[in-house]
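There are 2 protein chains.
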Amino acid sequence: MKKFFAAILLVFLLSVSTAFAAEPLPSWNDTPAKRAIIAFVEAVTREGSPDFVPVAERIAVFDNDGTLWSEQPRYFPEVFMIDRFKALAPQRPQWKAIPGLEAAFEGDFATFPPVVNILVHAGSTTEEFAQSVRDWAATARHPETGRLYTEMVYQPMLELIGYLRHNGFKVYIVSGSWTDIMRPWTEKVYGIPPEQVYGSSLKTKFALRDGKPVITYLPEVDLIAEGPGKAVAIGKYIGRRPIAAFGNSDGDLEMLEWATAGSGLRFALLVHHTDAWREWAYDRKSTVGRLDKALDAAQANGWTVVDMKGDWKVIYPFEER
Amino acid sequence: MKKFFAAILLVFLLSVSTAFAAEPLPSWNDTPAKRAIIAFVEAVTREGSPDFVPVAERIAVFDNDGTLWSEQPRYFPEVFMIDRFKALAPQRPQWKAIPGLEAAFEGDFATFPPVVNILVHAGSTTEEFAQSVRDWAATARHPETGRLYTEMVYQPMLELIGYLRHNGFKVYIVSGSWTDIMRPWTEKVYGIPPEQVYGSSLKTKFALRDGKPVITYLPEVDLIAEGPGKAVAIGKYIGRRPIAAFGNSDGDLEMLEWATAGSGLRFALLVHHTDAWREWAYDRKSTVGRLDKALDAAQANGWTVVDMKGDWKVIYPFEER
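The listed protein sequences derive, respectively, from chains Y and W. Going left to right, the first sequence walks through residues 0 to 320 as numbering that gives the first Met the number 0 numbers them. Going left to right, the second sequence walks through residues 0 to 320 as numbering that gives the first Met the number 0 numbers them.
Everything labelled a hint here was simulated from the structure, so no lab data went into it. Please note: incorrect hints may appear among the correct ones.
Non-contacting residues of chain W with respect to chain Y, defined by C-beta distances greater than 12 Å in every case (computed) [claimed, not checked]:
hint: 1; residue: Gln71
hint: 2; residue: Ala102
hint: 3; residue: Lys169
hint: 4; residue: Gly210
hint: 5; residue: Tyr216
hint: 6; residue: Thr259
hint: 7; residue: Asp291
Only some residues are given here: those of chain Y computed to face chain W with a beta carbon under 7 Å [claimed, not checked]:
hint: 8; residue: Ile223
hint: 9; residue: Gly261
hint: 10; residue: Leu264
hint: 11; residue: Pro316
A virtual CB, placed ideally from N, CA and C, is assigned to each residue, including glycine.
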């Protein structure tokens, strides 16, 4: 047993050495955004620094849609919901009686009916639902890039997550999207385990089905983790105030406010979508991922704003460098 | 930085070696309960074992009241609530209009009015509430032992938590009691950080108070993490099925069922309070921590039942050995 631990630790030691031998954040240009991240991490991790933060308190929270992966032309979780609705609808004729779904039944999701979120979850067990998400993530492709949605994650943010973890941070996702649409794949894609992934959720229920315990979704919203709901989710699910928060839209404003209002050195960052060629460019007027009030708050509070076009060498892992 | 990591890892390596050089669970007698724990941990951690479980999936959940600390003559969180009610009542004359509190206002808590839980939380910020818990934990003493309540934790269970953690387990508390009565002290007392502590909770709200973001409690229950609610809490807060679950009462039954119904080797344990001399002896007829249905389930399913009197050399850390 001792030998086994020693071997594991040696491997870990070597990998840490290698990671630190290389320059951190290689896909980031050497601009103020990258320098601000590194200055913050060095300040809170350097023993004897006035800003030193013990490992246990190094909590970082990330939004998902538009912060860790793309969200255009519509939120990816909505795409899952639509695909799942279409797959289930033929077996659920009773859905036709629900008002507001007429267009959806004709395949028109230009306006997304929120009740679809509930219909697609409700009645499933959490394990059946997770399987449907895994199946979708393995096959569904983005209409413009033709890539799997889980490939459309931001290479610079993957490096940032890795850099924070190497520096003792515990990294969480706190997203307005549905918790159980993220948990089945975040560990593989971001290295963030399901128990560190929170979002909006429905109420659930424990029951015995054929003598076997299951948890099923109820048709009732439990928490919408958007805007002030993100701070509420952090309090409830994490119970420790983050020292760093990363978002991209007005829905992240309260999360960044909550994180930065704690005592000691704090860090807040917004990803600003400025690259119409490699990704999308949108902010104050967008219906998806609107960044307006939070951009003003960033300017007022000195938060770091990432200019995707100027600050990132690559956007996606599949791009050539 | 490399040198710093190397030093940290060396210390860790040495402490792991030391921990494993000593016999695990020193306060446990060499009885079937101890042997079952060790056999399980060795089976899931030994590389090449048919029961091997990767580190990421080694989740263990513990009840708190009666499992990690005592709960007689009444649940310790209730004692906090009563003390806090008494401290606040003089400043809250409006509480007198609430039906069912007549006896409480005369200092009689023989029957505990559930509304007290809500009154004591509601309106406070989460940080004010946490401070009131810390103050209470630092000063309130048990009427029979004269000890701080946080001293009345079970030495054998502290060793069990440590043993699991040394073997790569991530250890959670999932208690029927209130989350925010545990989080302020669990890290210090059990080594379990607040973000791995869940219980019953009220709804909360984000607001600006004098321009500063705060989270306050609303007078509405969000989740009661007791019985089936424990399985619901695990699904929602952890999102990964535990491979081991530890409880002491009927309120833990569904948690143990949920954990053991997963595939692969699983472990469930009940602490049976059998030691009237060193602690308390109670089970099927007790109003506090009743162990009746779960005891039958343990027998039917081959779960481990700890006989506190026979299996534990000491109960509390302050006892002489």
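For each hint, the structure was consulted:
With a least CB separation of 28 Å from chain Y, W:Gln71 remains clear of the 12 Å interface cut-off, as annotated. For W:Ala102, the non-interface assignment is confirmed: its Cβ lies about 32 Å from the closest Cβ of chain Y, beyond the 12 Å cut-off. Residue-level check failed: W:Lys169 sits 7 Å from the nearest beta carbon of chain Y, not beyond 12 Å. The Cβ of W:Gly210 sits about 10 Å from the closest Cβ of chain Y, inside the 12 Å cut-off, so the non-interface label is violated.
For W:Tyr216, the non-interface assignment is contradicted: its Cβ lies about 10 Å from the closest Cβ of chain Y, within the 12 Å cut-off. At roughly 9 Å from the closest C-beta of chain Y, the C-beta of W:Thr259 falls inside 12 Å, breaking its exclusion from the interface. Separation of W:Asp291 from chain Y is adequate, the least Cβ-Cβ distance of about 19 Å exceeding the 12 Å criterion. The interface hint given for Y:Ile223 is broken, as the beta carbon of that residue sits about 12 Å from the closest beta carbon of chain W, more than 7 Å.
Given the 7 Å rule on beta carbons, the hint for Y:Gly261 is violated: about 10 Å separates it from the nearest Cβ of chain W. Residue-level restraint check for Y:Leu264 is violated (minimum Cβ-Cβ distance to chain W is 17 Å; threshold 7 Å). Look at Y:Pro316: its Cβ only gets to about 22 Å from chain W, farther than 7 Å, so that hint breaks.
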